[in-house]
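Working from the sequences, and respecting the hints, build out all of it.
From first to last, the protein sequence lines stand for chains A and B. Sequential numbering of the first sequence, starting at 450, is according to the numbering used here. Sequential numbering of the second sequence, starting at 318, is according to the numbering used here.
Treat the hints with caution; some may be incorrect.
In silico negatives: residues of chain A with every beta carbon more than 10 Å from chain B [to be verified]:
hint	residue
1	527
2	533
3	585
4	711
5	785
What the simulated footprint calls covered on chain A by chain B, stretch by stretch (three residues with Cβ under 8 Å from a Cβ of chain B suffice, anywhere in the stretch; the number is not a length) [to be verified]:
hint	segment
6	482-495
7	608-618
8	670-676
9	726-734
Think of the hints as simulated: they come from the structure by calculation, not from any bench. Predicted model, so just to flag it, every value in this text is computed and none were measured. Backbone N, C-alpha and C define an ideal beta-carbon position, used for all residues, glycine too.
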Amino acid sequence: MTLDDLTRTSGEWLRGAGPESDIVMCSRIRLARNLADFPFTNRASRNEKAEIEGHFKSALENAGIEAGYFDVNGMSNLDRQFLLERQLISNEMSTGEGPRGVAVTPKENIAIMVNEEDHLRIQYMLSGFRLPQVWDEITALDDQLEDDIAYAYSSSLGYLTACPTNVGTGIRVGVMVHLPGLVANKEIDKVFRALQKINLAVRGFYGEGSQAFGDFYQISNQQTLGKSEEELIKILTDVVPQVLQYERKARQDLITGRRQHLHDQVSRAYGVLKTAQTISSEETMFLLSSVRMGINLGLIDDLSIAVVNELFIQTQPAHLQKLRGSELGVEERNVARASYLRSRLTNGRPVEDG
Amino acid sequence: MQGLILQHVGGLVGELAELACPDCGTRYMDYWSDGRLGCPQDYRVFTKGLLPSIQRYQGATRHVGKTARLRPAAVHRLRLRSQLREAVAREDYEEAARLRDQIRLKDKHA
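So this is what it looks like as structure tokens:
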């Protein structure tokens, strides 16, 4: 599997399948793991990082997991940006140094970063609200890797991580939710404050410190020690449905109170995306968010959620440049983005999931 | 900077400041300046300083949940690797070669 193969496909987590997928784009769990016999990444020499990479690759092979390994150290900035836009690597991995990379399965459910802040950052994603299923998958994968890797672990503190904020389970359990209704009725900050009070973090689409993006937010646990993985998952599976309920109510209020206004707004957004000749990334996200909500409320009936989900990713700068096969400046990207949107949305008949 | 660290570390300074991990060389002060530990053994070496801040951030100091398999040989390899780094640094290549062989031998017994 090569990076070019990835440009022609999109991750399973964008399919818009699974429970509550009108609001929950995907469920994600990541585990932080370190090899017991090496210093943490920030203290490891180049040779040691290369050895860690080698150990991981053989563990992956012995586990029989079909995955491509992308050497982030040796790749261009554009390719790093491309993996970042796809949510397969973090900013820290993109800007890091020395031997490092990411293993990705063809459907992109699994992405394992090697030599990020921790030696291994194992990620599993599924579309829709399916955290218990994601846990079953990722814990089995973790067990398989452990056949060949000695994890850094203490019976009192659990899995040992480079930063004590991840020690214990090393787990981050999260959902990516689309909340245009709560943004529109300005209740979103209230909801976030309530989540923060119960120790849940709210981040933008691209994680820590990233701006909200197309009204997508990630909700995840902060505590990693003193509660089991199942308990931490249960906090999310108890709380997220309440957020969904607020979002559904906000959408319902929008459609009952000002149906014509909302229908107009959604149709105009769709119209601009289908016909614009040049368009910025920011405007694209803003309009796609409107269209996505419009589909879920039955105001647009000739476009699938999966296509809209994909467009959020595929209209990002590095994706456009990979699709075009050349580096483009801002103006050129805006023209390429508009052209790509026109072709996807005029030919974009409803796509079957599967 | 030093003043800021002193302010945060407070009374622990005398005891912990000079403490360094024998395996990775990280000093407790290094952790305070960048928030990252150097190797898994640091949790043991710096326990006294770490536990109060872990309690503050995590609200707990004891792991509950999934357990890893016991791999006692791994800790030994971590020590050998630190000796290897030192041997390479002082250009003692004979010792370095001997340590590499030892690590390779232990690797077979992961």
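- [ ] Examine the segment 482-495 of chain A: at least three residues should have C-beta closer than 8 Å to a C-beta of chain B.
- [x] n = 10 at 8 Å, threshold three: holds.
- [ ] Check the non-interface label on residue 585 of chain A: least C-beta distance to chain B beyond 10 Å or not.
- [x] Label holds. Min Cβ-Cβ 13 Å, cutoff 10 Å.
Open item on the list: At least three residues with a C-beta closer than 8 Å to a C-beta of chain B: is that true for the segment 670-676 of chain A?
Closed with: Holds: 5 residues of the segment 670-676 of chain A have a Cβ under 8 Å from chain B.
Task: Non-interface claim for residue 785 of chain A, where every Cβ of chain B lies beyond 10 Å - done: holds, 40 Å
Open item on the list: At least three residues with a C-beta closer than 8 Å to a C-beta of chain B: is that true for the segment 608-618 of chain A?
Closed with: Three-residue rule met by the segment 608-618 of chain A, so holds; n is 9.
Task: Whether residue 533 of chain A stays farther than 10 Å from all C-beta atoms of chain B, as the label says - done: holds, 22 Å
Task: Given as non-interface: residue 711 of chain A, which should sit over 10 Å from chain B by C-beta - done: holds, 43 Å
TODO: Please settle this one: residue 527 of chain A was flagged as non-interface, so is its CB more than 10 Å from every CB on chain B?
DONE: Since the minimum Cβ distance to chain B is about 29 Å, residue 527 of chain A lies beyond 10 Å and the statement holds.
TODO: Can you take a look at whether the segment 726-734 of chain A is actually covered by chain B? Rule is 3+ residues, C-beta closer than 8 Å.
DONE: Contact hint for the segment 726-734 of chain A vs chain B: violated, 0 residues under 8 Å.
Checked against the numbered hints given earlier, this structure breaks only hint 9.
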